[in-house]
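There are 2 protein chains.
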Amino acid sequence: MSAFSDLGKLLKPRSIAILGATPDLGRVGGRPIAYLRHYGYRGEIYPVNPKHHTVADLSCFPSIDVLPEVPDMAIVAVPAKAVCSVVETAQNFGVGAFTVYSSGFAESGPEGVEMERHLRELVCAHGSVLCGPNSQGVANFLDRSVAYFSSELGQDDIAPGAIGFAGHSGIFGGIMANECIRRSIGLGYLVSTGNEAGIDFADAAAYMAQDERIGVIVGYIEGVRNAAKLRVAAEIARKNNTPIVILKGGRNQESAAAAASHTGALAGAYDCHRAAFRQWGIVEAEDSDELFDLAEGFSLTKKRPLGRGIGVLTNSGGIGVLCADQLNASGLDVPALNSTTEAELVADMLPFVGPRNPVDVALQALADPDCIRRHIKRIAADPNIDAVLCFLGAIRRDIDGVADAITAAAHETGKPLLAGWLGGEGQAPRILRTAGIPVYPAPARAARVLAAMYADRTYVAPGKAGVLNIAPFRVSASGTLGESDSRVVLKAADIPLAKGGLAKSEVEAVRLASEIGYPVVLKVDSADISHKSEANGIALGIISEKELRQAYGKILTNVLAHTSDAKIAGVGVYEMAGDGAVEMIIGMRRDPVFGPVILLGMGGIFAETLGDKVLRVAPLPAGEGVAMARELKGFALLSGARGRPPADLEALGEVLERLSALAIAYPDIAEVDINPLLVWPKGKGVFAVDALVVTVGMPN
Amino acid sequence: MSAFSDLGKLLKPRSIAILGATPDLGRVGGRPIAYLRHYGYRGEIYPVNPKHHTVADLSCFPSIDVLPEVPDMAIVAVPAKAVCSVVETAQNFGVGAFTVYSSGFAESGPEGVEMERHLRELVCAHGSVLCGPNSQGVANFLDRSVAYFSSELGQDDIAPGAIGFAGHSGIFGGIMANECIRRSIGLGYLVSTGNEAGIDFADAAAYMAQDERIGVIVGYIEGVRNAAKLRVAAEIARKNNTPIVILKGGRNQESAAAAASHTGALAGAYDCHRAAFRQWGIVEAEDSDELFDLAEGFSLTKKRPLGRGIGVLTNSGGIGVLCADQLNASGLDVPALNSTTEAELVADMLPFVGPRNPVDVALQALADPDCIRRHIKRIAADPNIDAVLCFLGAIRRDIDGVADAITAAAHETGKPLLAGWLGGEGQAPRILRTAGIPVYPAPARAARVLAAMYADRTYVAPGKAGVLNIAPFRVSASGTLGESDSRVVLKAADIPLAKGGLAKSEVEAVRLASEIGYPVVLKVDSADISHKSEANGIALGIISEKELRQAYGKILTNVLAHTSDAKIAGVGVYEMAGDGAVEMIIGMRRDPVFGPVILLGMGGIFAETLGDKVLRVAPLPAGEGVAMARELKGFALLSGARGRPPADLEALGEVLERLSALAIAYPDIAEVDINPLLVWPKGKGVFAVDALVVTVGMPN
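First to last, the protein sequences are chains A and B. At position 475 of the first sequence (counting the first as 1) the number is 475 in this note's numbering, and the numbers step up by one without a gap. Plus 1000 on top of the position in the second sequence (first one is 1) and you've got this note's numbering.
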């Protein structure tokens, strides 16, 4: 926990100085005064500006060091060039927390980068907490400390609520506030981390997660600054049952696609973000609509579906059909109700209306809005149902009555209840949200929120990684290793290999082949040849000594014709794998943010053309390797579909975990590519056919 | 065209009678009078109801046959049981068009089904046009004839516009109207086809497509009633450059999954709908949000991007990043601007702001809203750019100025311009839409509309199918045919087969094998054994006469042990395919709505586990087979990826087209399953290894 900055002084300050305060409350140096007052800030506000005597009826001080007390936080709204100097003065006066609104730092050119470095050093040396520069402010609506300057906050009152928002993009805090106003939902915190010279998203998340009034932490980020901090913040949030929802901007993976190894090509930067989010129980929103939809849902209710069964109540057959389509598309079910429920429903419905899920009340609600309450209660009580979605459309009569019926039903069931209202926003969604019921304008959006709630309920934090011994080893080179050196590394990690070894001469190759038993494979071993087949450096299915001798010479000739100056370590002689194995690709890549990442994909061309792959950030706890395999789209190939024997999943899982342990133990190993790894039927194990290890320096 | 009902009398009636009119204008029999008047209907309105003398200041007639003239259309709003009788009277009086509001027909039970049948016969006999029963009405906002009863229309005025909506679900017309009000976009037609005893969606679409004031036809449908009519309606719409956008409700494919053949399992009812929509250039909306988003986009502009390059202008780096992410996710590009454009931009932007696409104006628009116009114009003029997305957020100052700048830019470029406004609905979207610029609240939504506009621009209608001769053939049975009969059928269609044939004895098998050349495959041939390998009825890789003799006897023993009463036609002897081919599955299934559907999938277990398949409704025009292959996710396997030889695509395409011709020529062939079809390298052709043909009756 000590890795996190304490945001208490930023978000719950007893007094605030505003450096660069201005009497024009529409300007950046004035707006926080207006908002602090409007939202009922109860501490002291000290405007500081040598140009003014009073600002908004408050005494204005020429400089911070003449204030009657040391304020908990200073807002800095002076020109960029003056920031470091005023921060230094404030620190000397004893101020320990700063929110720097000023822009013109790293975002604006080399001079700004230099100023930002100076500012960072200044606050580090003093142990101060810094938010910004280029921050739009820090707001705490729960405790009435709204030190923000976005004009979006000025439109209409924002009620205190359970959403904690943080993000480095200036505009998103304002847009979050605007969404809360538009949807009539409450807001807890807004933290605009700006250039993140000080606190980052993880600091804000860890702080907000410890406030039990917060139901969801919402963020917009373009990159993770410190993966370890984010992971711990996610753990804290999990412990407090507070989901973190992130919209990740910047998904372009072009640079990753240019990587040399298959693992590099398959594990792009955004893939690693997704994998880490998933592992840590962070919900990823696909776009801004979904970010705000999830914020609404998780902030309004702590209830979660215990299973996938959703009961739908509607006033239109068409809407019921759409809800079922979208719930199915989101991986949820619309199960049949049991006969007792159906009998209870039909006894209280209009004639000719079926009580089947999705349940359509047709015109019943027009004269009898309370029927909505009764039906929701019955559906929710059904043992096949884990949550209820009440999706209505085109109701114009007695909207209050309908909304009250839904609200009453929510109080009478312990299962989650979401509402939908096709045909736009308006009075009903407002009433429902104020009563704590999330409301969505389209079936697909409600379905995705329900699916996220179910995923949140069923998320299991990964266990601790076991201790796997990696034997000491020695390789002959660094950089891209040849096959035999690569095998040395894998062997140290106890990763099974195709039988065989490196022959330095034809005679040695003959001896190796007779030890292994024909048929064998010959492969040139050279760190200078990374694509052996392109250089015609491979001979498959050698069945006799005669064939071997011919192939041996031919490979050397081919390779030298291809790359005349290739340094050749020898020719590898390996067992020729028979049929019956599933070809997989596994690998490890070191991501600059997340560190070692383990990849598993379906083998060969399928992995690349169909992109069927699963990634995990290392270390992998016991059992996680098998869990990865289960997430592959082509898992049926391993599980025994269509009369195939089930594959040796345990052995596959173990190799993944050993690869993870190898990556953790040897930071100099930059990349591992095992392609293919052959997975044999259950009990028969796995082995690596081709291996490529890349190191930085000599891993010893 | 004569297949379509003429909707002129429904949608542009010179006079309207309302049977069952009531003075209470809030009720079903009164509301159309209120709406007709409110929207300025210029024809005569004749209320008919023996209970009243006047209705809303109009003379009310006791019965239709005493009206002073024969009205163009009669609205029927009497109880279900009275409908047929009043329609009969009206027809005898000369009325030829009816919109039946009354419910209580097929949707409400067996008695209703019977009444609906009677109603249908009645209007058929007279050649009348019928909309309904259970219709919410027919509205034409362009010509002021709004004969509808949904209360959604009463909220606020609907401006005449370019959206033509039709659907059988009552509620969706009202919701469409509500969306138009909420978004400030205009509406052309609303046709609620109800139970579709008369006109259906295709009739309405064909009519509206011929009105040049209509820019888009929008529909909600749960099923297609008449595939041929819909196809022709789509052709008419295409000819008039009017996209059809459909939201298809009811995607559950459980019944299809229970099908016997692989083709059956892979080509579900919803898959067939999707395939047909795509072939006919009908845009499918994924959910209700997208339906309305597409309606807005296509109704407000006829401009289309000529390529994938989208220029983004924003006032926030974060929004720019999100737009790029979502445009990429929708298959569009955010290309670099050329240096001239960049130079022009940077000369007119604030310092420290990069002119790169996505272009971020940062704070420039606050003081100088017209900069938006200038920048859009420059970006649109760039040769790399095919459309501009101007996505803003959190602007509260001079919104009119910003909206005017965007509007002005739209008039100054011939390329499509879409806008986005993060942070909710409000004044700016209203201004922009009124000026004909579509506006979306989230980047993902704008990106999907742009992608649909690009797809609309690049859609190419399939050509005419060539005439392929299918030779006459004779098979020995009907139903599920054995291998040799199945081969007879495929041979007639000139579909290449593995060499070999049916042996009725061991001696014959030996003779066949020596003709084909070893190695060979033996397969039991029995219509009673559809899964040969489960019955151990297959022997692969037989390399000698001795092995063949042993295997022959063993297969017969195995099969009889598996199914003691199996009728065995013999044992097939076929060439054993070597390596180097790509295994595909192809097939044909007869869909109850769309007729013969052709399937192409990646072979074996991959097709099933990964669902990589492409469907087309037959007939396939020349070249369409190859086009199908190009749509497979695993197309790289056929196109020569990773050093593989390119496959014989032309031969594959030809087989698909021959299969299509076979299906068209022989309606008694219910299903064909070729699994696998081996596709050899370019120039080496293809051949079917296993074939299964199912017939109804004897196809001769």
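In case anyone wonders, no lab produced these hints; they're calculated from the structure. Glycine included, every Cβ here is placed at the ideal spot set by N, Cα and C. Do not take every clue at face value.
[To be verified] Pairwise CB distance ranges (calculated):
#: 1; chain 1: B; residue 1: 1506; chain 2: A; residue 2: 683; range: 35 to 41 Å
#: 2; chain 1: B; residue 1: 1223; chain 2: A; residue 2: 408; range: 53 to 59 Å
#: 3; chain 1: B; residue 1: 1213; chain 2: A; residue 2: 430; range: 34 to 40 Å
#: 4; chain 1: A; residue 1: 531; chain 2: B; residue 2: 1479; range: 31 to 37 Å
[What the hints assert, rightly or not] If you want the footprint, here are the derived chain B segments under chain A, 3+ residues with CB under 8 Å:
#: 5; stretch: 1149-1161
#: 6; stretch: 1201-1214
#: 7; stretch: 1324-1330
#: 8; stretch: 1389-1403
[Claimed, not checked] Derived lysine-lysine pairs resembling DSSO-like cross-links, with alpha carbons at most 27 Å apart:
#: 9; chain 1: B; residue 1: 1239; chain 2: A; residue 2: 682
#: 10; chain 1: A; residue 1: 464; chain 2: A; residue 2: 504
#: 11; chain 1: A; residue 1: 633; chain 2: B; residue 2: 1081
#: 12; chain 1: B; residue 1: 1554; chain 2: A; residue 2: 532
#: 13; chain 1: B; residue 1: 1464; chain 2: B; residue 2: 1499
Can you list which hints this structure breaks, lowest number first?
-> 2, 4, 6, 9, 10, 11, 12 and 13
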